[in-house]
Amino acid sequence: MRLGRFLKRMGFYTLVTALVIFAVWPFYWMLVTAFKTEHDLYNLKSIPYIFNEPPTLQHVNWLFNNTQFVRWLWNTLTVGVMVVGITLLVTIPAGYALARMAGRYSERLGIGMFLTYLVPSTLLFIPLSPIVSRLGLQDSLWALVVIYPTFTIPFCTWLMMGFFKAIPIEIEEAALIDGDSRLGALAHVVMPLSLSGILTVVIFAFTLCVQEFVYALTFVSSTAQKTVTVGVPTDLMRGDLFLWGSLMAAALIAGIPMAIVYNLFLDRFVAGITGGAIK
Amino acid sequence: MAVVAREGIVRFRRLLDRAEVLGPVFMAPAILYMVAFLGLPFVLAIYFSLTNLTINNIQTGFSFVGLRNFIELSRDSIFQQALRNTLIFAIASQLLSIILGQLTALVLMQNFRGKAIVRVLIMLPWAVPIALGVLGWKWMYDSLYSIINWTLRAFHILGPNQWPNWLGTSNLAMVSVIIVHAWKAFPFAAVVFMGALTTIPQDIIDAAKVDGAGFWRRTFQVNLPIIAPIVSIGLIFSTVFAFTDMSVVWLLTKGGPINSTHVLGSYAFQVGIISGDIGQGVAISLSLVPILMVAMILTLRAMRRREI
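If you're matching them up, the sequences are chains V and S in order.
According to the numbering used here, the first sequence is numbered sequentially starting from 1.
According to the numbering used here, the second sequence is numbered sequentially starting from 1001.
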């Protein structure tokens, strides 16, 4: 009996370890690569997992001094902030209307909105390009600012609707009876109560923008306009050679902080897809 | 004058207080945005697919060619390969990520020391932007310095003369892109399963235990029917992402070697954007629509089932 339980525990911890190794293996290798000397990196005789020569900052320095990495980070931030702004302006009223006012069509409208989140970038990127050039936005960050809301709006409207539905309607009615207008009640009563919901929408819209790759690859080609997800894989090479040390440093510096923020909001995100409303 | 203006403002305010007026006003920006940048491109896609539009004749004029683009596709062996690859890629990576996701969910539902940190680590592949995470794999699959090969050799799984070129051989390249996509998707599957499992009321589990239902019976006859509608929406979404994705393939192989890993998304990009054959490229993209329609119908069904 005791042996049985021991074996069960062993099996459990083996499984945990295996899953963690599978998930983290690439990141560990990226981390080691980012700080290895070239000589150590391309030496097949030594053990690759450890530093056989003292770690170096040369790849990180090169990244910050000889590439547009900082520019790409800045571009990503700019696009993210602009898109979050547009998303909030559009989805707060839409979510509110779906939660409270659109009458018998509201549910269908909400579900229709939600389903457009399924429409993939690989379906729209070609026909979007004449629209982008008609707007005079070829090869510009602003093309992304215009296009990204097409995938933030559906999902964030759905999330906002859930948040607004969770607020008891009585609170709002009390404000209306006290002589507040409907817009006033929204601004003074409903919005302050849904601040955490709005924050969730901000984080999601932002992370979705940072993660996006296909549209950025399609619509931006000059180095100075690239976002980090496109700049790092397409620009950090000399001729055909990948600069692995700097590439890995760039991927970690840009990726890990984003991943940690995202992690904190993961449960809400999944609840949004599968549950509609957040408890 | 001022009185009239103020009366106008007051009347306007009253009008906005009425739900049947304010509702549409509030919905309008969202709907207009989606019509302009999602609806319009979709209609354009259908229109372009019926023309011989390319990047060269976009100024000088192009003409209507009927279904020629689609007929050409049906004879195009690369397209057929891409279609097959898309099915293999999506189904294999989904299965793999569901299995790994289930295991992860089972593990993370238990209490053990260090669980919080384990959770963060396991979620990393999904939380890191895909374009950056894939770069790590590209380096792991390197033809000369692959750490995967080094490790397999260290454990004597590979012999002294074996050094597989992961991204350079057709079949292996397909396996490689599938593994990476499953790596990215399995944490999401895990969270979906966990979210669903926590919705099962404890008294139902207890009742089943009291009635003598064992682990398997509880899993398949009690838990599964309860979580199915919740899990299915999450899985439909990730299946659609797998069918329509091109980032993993593009970043790792660009569809190579010799088109052997092209999926519909990457082939549409190759033809429509890089080669500039817009009509043909759009026709490839449109072949994703049937998959999308099925997914939408299934989502609607799952939503309805959940409400009951």
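Hints are computed from structural coordinates only; laboratory data are not their basis.
Incorrect hints may have been included.
[Claimed, not checked] Which bits of chain S does chain V cover? Going by a derived footprint, with three or more residues having C-beta under 8 Å, they are:
hint: 1; stretch: 1040–1048
hint: 2; stretch: 1257–1270
[Said to hold, decoys possible] Selected chain V positions facing chain S (in silico; Cβ < 10 Å):
hint: 3; residue: Pro93
hint: 4; residue: Gly136
hint: 5; residue: Ser140
hint: 6; residue: Trp244
The C-beta atom is built at its ideal place from N, Cα and C for all residues, glycine as well.
Test coverage of the stretch 1257–1270 of chain S by chain V using CB-CB distances below 8 Å; three residues minimum. That given contact holds, which follows from 4 residues of the stretch 1257–1270 of chain S lying within Cβ reach (below 8 Å) of chain V.
Have a go at the Ser140(V) hint: is there a Cβ in chain S nearer than 10 Å to its own Cβ? 16 Å, violated
Restraint satisfaction for Trp244(V) [CB to CB of chain S, less than 10 Å]: Hint holds; Trp244(V) Cβ to chain S Cβ min 5 Å, cut 10 Å.
Verdict on chain V covering the stretch 1040–1048 of chain S, where coverage means 3 or more residues with a C-beta closer than 8 Å: As far as the stretch 1040–1048 of chain S goes, the hint holds, because 6 residues have Cβ atoms under 8 Å from chain V.
Checking hints one by one. Is Pro93(V) an interface residue toward chain S, by the C-beta closer than 10 Å rule? 4 Å, holds
Going by Cβ atoms only, is Gly136(V) closer than 10 Å to chain S? Given a least distance of 15 Å, the restraint on Gly136(V) is violated.
Hint check: violations occur at hints 4, 5; the rest are consistent with the structure.
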